[in-house]
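**Student:** The lines below spell out each chain.
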Amino acid sequence: MDFNPSADQDALRDTIIKFARERLNEDMITRDREQRFSRERWKACGEMGLQGLPVPEALGGSGFDPLTTVMALDAFGYGCTDNGLVFAVCAHLLSCVVPLWRFGNEAQQARYLPRLCDGTLVGVHAITEPDSGSDSFAMRTRAVRDGDDWRINGTKTFISNGPEADVIIVFAITDPAKGYHGGVTAFLLERGTPGFTASRKIEKMGLRTAPFGELSFDDVRVSDAAILGGLGGGSAIFTHAMDWERTCLFAAHVGQMQRILERGVHYARTRKQFGKAISKFQGVSHKLADFRVQLEAARLLTYRAATRLDRTRGVALDAAMAKLFVSESLVRGALDVLQIFAGYGYATEYEIEREVRDAIGSRIYSGTSDMQRNTIAAWMGL
Amino acid sequence: MLMTDPIAAAVKAYILDAFLPGADAAELTDETPLISDGILDSLATVRLVTFLEDQYKIEVAAHEANADNLDTITRIAQLVRSKLPS
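The listed protein sequences correspond, in order, to chains A and B. Count the first sequence with this note's numbering and you get residues 35 to 416, in order. Count the second sequence with this note's numbering and you get residues 24 to 109, in order.
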């Protein structure tokens, strides 16, 4: 399997890195402190084509294959120090735009995809509830028939992009007897639909520039035209979105790993203690050597998973392995580099402590590390 | 003498091997409820569908991977048969 980028893929990577460095990275410490999401930067990402990377051009996207998409997101994660913005773009792309592209009918695609891809709209995927996190399909949100329409009631929490939501894919139980297997349906909603509110913004440890919050559905009325992917098709949409998210979002984290590693190497080569560069101490250099190995392995796992997206359901295993390995390696590597920076790493102004805070969530969202291990074990028949 | 359905037999062998290691094969009949009895959870369903697609070179659409088509070995065999070239 050859993962060497083509000349076009190299050019795409260079373009995205240059764009991110010139347009997205200013004033990060303040924006992180104030938890400020930037619609201006979001729009710029849309103009760059990031919100629609794999979507066909006819539907408003950039039309890249999955491998090129992960290479682009790897570059985005590398060049953009606003990890919250990277996360917000990826959550929007992989759990809202991709499901709409893969499961939406022509009318739904035409109505939303061009504006979701160009950065006009912010999309969200609402499944998690206060009492159902890893056990997502234990949800309480219900959609019940009311004449020719549906009435949706429930609360979703920890929703990425929730406070900025323009288009919402919300999962609700439509047939409690069937449960996961055909009893959950995905509905498409728009901001402004009566009964829908982005009810609470949630403060968090890292990725603070990414909006995060709670959504309430109080007798929200929608027609059959709002059903995405067919009645009872929610589990298939969720599974498909997770395959994409666990592969492509974590490709962006591979880029973040590379950036952190390069900072660690530079610092170790220039910081002197006891009369020589600290890189000459094996306690320092071995940490960075291990991080380099993890970076290369992480990249191979995500790129391999990308080649299997939409080609086999077995990608669920590849995506779980990539997600688990990237997130655990990212956190470990970021902590090691902070340790190498020592006091400077702990100080906000050096922007290493933020990398650590931003990394921690990767072991939780898109399915915790424990859930990924459950998936991997299940595929081995355990 | 009843003829054994080769598709049902292959599906049964796969389910026993993949999801019921060590179980008595006689306890898994063609009508055993796989989903409502908890033999197939969400992950197991994905694995089963992957097996069917690989083994029989068919494609199971997202909306077809439900209890109506997968709850018993008989239904699974019917689903596969409906997708094979006639």
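Treat each hint with caution, since some may be false.
Using 20 angstroms as the maximum straight-line C-alpha spacing, the simulated SDA-like pairs for lysine to any residue come out as follows [stated by the list, open to error]:
#1 Lys212/A x Asp60/B
#2 Lys212/A x Leu66/B
#3 Lys80/B x Lys77/A
#4 Lys310/A x His320/A
#5 Lys80/B x Gly348/A
#6 Lys212/A x Ala67/B
#7 Lys80/B x Arg345/A
#8 Lys212/A x Thr97/B
#9 Lys212/A x Lys80/B
#10 Lys212/A x Ser65/B
#11 Lys212/A x Asn92/B
#12 Lys238/A x Asp94/B
#13 Lys80/B x Asp344/A
#14 Lys212/A x Pro108/B
#15 Lys212/A x Ile62/B
#16 Lys314/A x Asn92/B
#17 Lys238/A x Leu66/B
#18 Lys310/A x Val327/A
#19 Lys212/A x Pro56/B
Everything labelled a hint here was simulated from the structure, so no lab data went into it.
**Student:** For this structure, which hints from the list above don't hold up?
**Tutor:** Violated hints: 3, 9, 12, 14, 16, 17, 18; rest satisfied.
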